[in-house]
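A.B. asks: Take the given structure of chain A and dock chain B to it, following the hints.
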Amino acid sequence: MKLFKICLTLILTFIFISSATVMAGTLDDVKAKGYIQAGVNGDLFGFGKPDEKGEWKGLDVDTARAVAAAVFGDASKVKFTPLTAKTRFTALQSGEIDVLTRNCTQTLSRDTALGLDFCQVNYYDGQGFLIHKKLGVKSAKELDGASVCVLPGTTTEQNVADFFRANGMKMNPVVIENTAELAKAFFAGRCDCLTSDASQLAGTRAVAPNPGDYIILPEVISKEPLAPAVRHGDNQWKDIVNYSVLAMINAEELGITSKNVDEKLKSTDPKVKRFLGVSPGNGKALGLDEKFAYNIVKQLGNYGEVFERNVGTDTPLMIERGLNALWTNGGLLYSAPFK
Amino acid sequence: MEDNSQQQDTSTVKPPVTSVGAIGWVRTNLFNGPFNSLLTLGVLYLLWISVPPFVRWAFVDSVWMTDYMACRNIDGACWSVIPANLRFIIFGFYPHDLQWRPLLAMIILVVMLFYSQDRKRWKKSLLYLWGVALVIMGLLMKGGVPGLTPVESSQWGGLPLTLLLSVFGLASAYPVGIILALGRQSKMPVIKSLCVVYIELIRGVPLISLLFMSSVVFPLFLPEGVTVNAILRAQVAIIMFTAAYIAEVVRGGLQGMNKGQYEAADALGLNYFQTMRLIILPQALKIVIPPSVSILISAFKDTSLVVIIALYDLLKTTQSTLSDPKWMGFSAEAYIFVALIYFVCCFFMSNYSRRLEQELNTDL
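As you go down the protein sequences, you meet chains A and B in turn.
For the first sequence, full-length UniProt numbering assigns the number 1 to the initial residue and increments by one for each residue that follows.
For the second sequence, full-length UniProt numbering assigns the number 1 to the initial residue and increments by one for each residue that follows.
Isolated chain A, as found in the complex (with noise of 0.2 Å):
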């Protein structure tokens, strides 16, 4: 019993100091190490998963790609580790990884008691619905009664409930785990409709044995911003986590791309110049090179090129820009000043 009480003790004081210590200086981890350590979804095509080579592709790797170009200069020098829904937050917590960009909604509670810092978002997404045309339904508050298809243990399955009760609506949830069969079993007319985040309804429509049969409702029913998180407390990491997604969104907004960031060295414009580095300061305000937004561009691209190629209409996924427009053209993408 005494011993039981010993261990106890230990226990709770080991537990007592980690989560007091305040993690600081990442930067210097990383820098130590060489590569930055990512948290990525592994299963979301568009978003994390390897190739048929074994290669990541996708938004949030490109993420991550762009905090390493930031760093080291060279996009490569990141590695990932792919996390399930429940093993995400304990991950960063743990500092197994150092950046978890994991199309993980920002949430209140997730920003406070999570012990996590949410950066700039990197793609805004909501819930909608997709149905077959033959059932009629024009919208989704005529789904009164409907079985719906939905992912278990997600924020998914929350909204849905929500979203009927607070129309005074009864449904039937079908569950299944695994989004591949989740499609599968709404094909094969096992529920009437299908909810899911609106940046994957597109593409499940895609792979529909008829597509053309198959409606995506004009409601969204929930916010989803997803966002990069890091650990709370270590505000120098988070402000080179939060500028590297801003340095792409920024790229855009001065018209930067990939493959005319090397003339746009040459530019007059004082805003380009700032923002490539050539007039020195914002790298060092960073703790970074002050090339680091050039190497960002250089090597990923600027958002538009980085959506069109993991998410955008002549992927798979065929998502239009929408909400992850700039500002300019309707859209929620408004990058901060880089000076």
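Keep in mind that the hints are not guaranteed to be accurate.
Claimed, not checked - 27 Å max Cα-Cα, derived DSS-like pairs, lysine-lysine: (1) Lys271(A) <-> Lys291(A); (2) Lys53(A) <-> Lys142(B); (3) Lys79(A) <-> Lys326(B).
Hints were generated in silico from the structure; no laboratory data involved.
Because the structure is a prediction, the values reported are computed rather than measured.
C.D. replies: Below, chain B alone, put in the same frame as chain A:
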């Protein structure tokens, strides 16, 4: 003409054609009563409605080596999903141009397993051979010596990872299990209670929760910055789990031993270790071959549970392939392929254990 000659010579009359040969067999085995006849007809009907469509799906209407577009408009199986993604399914994240290394390591493992099948070769030299083979396999996987680029264990995946987790898991769990079983039989109270607590504790939780503990809870107890390799954590969890089950099976064997065996050993003046090594364990372990093999087989299949901690074993790489919009929807084909691989491995194990049992059978 023939009938006539048979009637003439009764000594060569054959039994009625309905009671011998194929027809006779069918009558005695399939239609020897109204109930059995009904069952036979029912089963035949089920086969009739299920087998031809399956054969048509799997072989007639199927495509084998096409791209994904060709799979969209066919009714049959799209086996193309396997060749198109084979290297990822088998090797996971292992760098593409270095994949000959895990392949060679697996070939060495299979050759070693086949070589060790023969009990005549079970000598000390075989043990050394295994040692050398393991070092070579480790070097091939990990690299780091001149000529071999280092590959981190986080990039291991697919079939090599499954085999690694199972072979090391089973090989380490077995001795640990034996020690635990002996400990549980021990007369020393501390050792005995420790073993009992360990076995009951581990057997009282599902493997999945042990894996979660190792991947979610355990890292939080480590000091900041210290991390333990994810594969190692899963491996330890699998060993701990399997060892507890092996221990109980071995204990069954130990308790099944005649008391006379212990007494005879005492009479010969053998000490505890000699008794166990020379007399008790060889007999006890022989008795428990069938249950241990079923535990080993189920442990082998349980390694696929590491998907929940995002290790890319064979099953996970397959699932990952299926989440690609190009190949989404061809899960049946991919899972059949993976099931075949698992079946071959498990069948090998159970087949071998049967042979071992026969060879070791000393009963008269």
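A.B. asks: State for each hint whether it applies.
C.D. replies: Okay, the hints, checked on the actual structure:
Proposed proximity of Lys271(A) and Lys291(A) is supported: the alpha carbons are some 14 Å apart, at most 27 Å. Restraint check: the Cα-Cα separation between Lys53(A) and Lys142(B) comes to about 19 Å, which is no more than 27 Å; the hinted pair holds. Distance restraint check for Lys79(A) and Lys326(B): the Cα-Cα separation of roughly 26 Å lies within the 27 Å cut-off, and the hinted pair is therefore satisfied.
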